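Numbering-wise, the working numbering puts 31 at position 44 of the sequence shown, and it's gapless, one number per residue.
Keep in mind that a hint or two might mislead.
Claimed, not checked - Each computed BS3-like pair below joins lysine-lysine, with the alpha-carbon atoms no more than 25 Å apart:
| # | residue 1 | residue 2 |
| --- | --- | --- |
| 1 | K39 | K10 |
| 2 | K42 | K10 |
| 3 | K33 | K10 |
| 4 | K39 | K49 |
Keep in mind that the hints were calculated from the coordinates and are not lab data. Only a predicted model underlies this, so the values are computations on that prediction, with no experimental measurement involved.
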Amino acid sequence: MAANSTPGIPPAERLAELEEQLKNEQQVIDEGITPYQAHHIAQRDKLRLEIKTYKQCLADLKGLRNAAEQAREAFRLTREYVGEDLLPAIEGWSWYDADQALAARLAEWPEQK
């Protein structure tokens, strides 16, 4: 499951939405006022699994973001150490292209809390 499986909804908001749905299902189950109790229990269990998976995806995305930021910092420090003459910022050089790709992706990737 992608961490942002609902287009247009930021992952943290989607997680809050799922948790609200779970709370509502649990309330219906606790009140016991429906003849469709088995359906609500199944829906609750499905939501619990989806929330667990969603939280893992968010944690994975946060880890990937941190790794990308560390890679960019490593590029910067290496270039600073060896100097502009050995590692010029030239399109087509693998380190530079990778750094630019990471910068572009990080700019469009919302920070996760």
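List of violated hint numbers, smallest to largest: none
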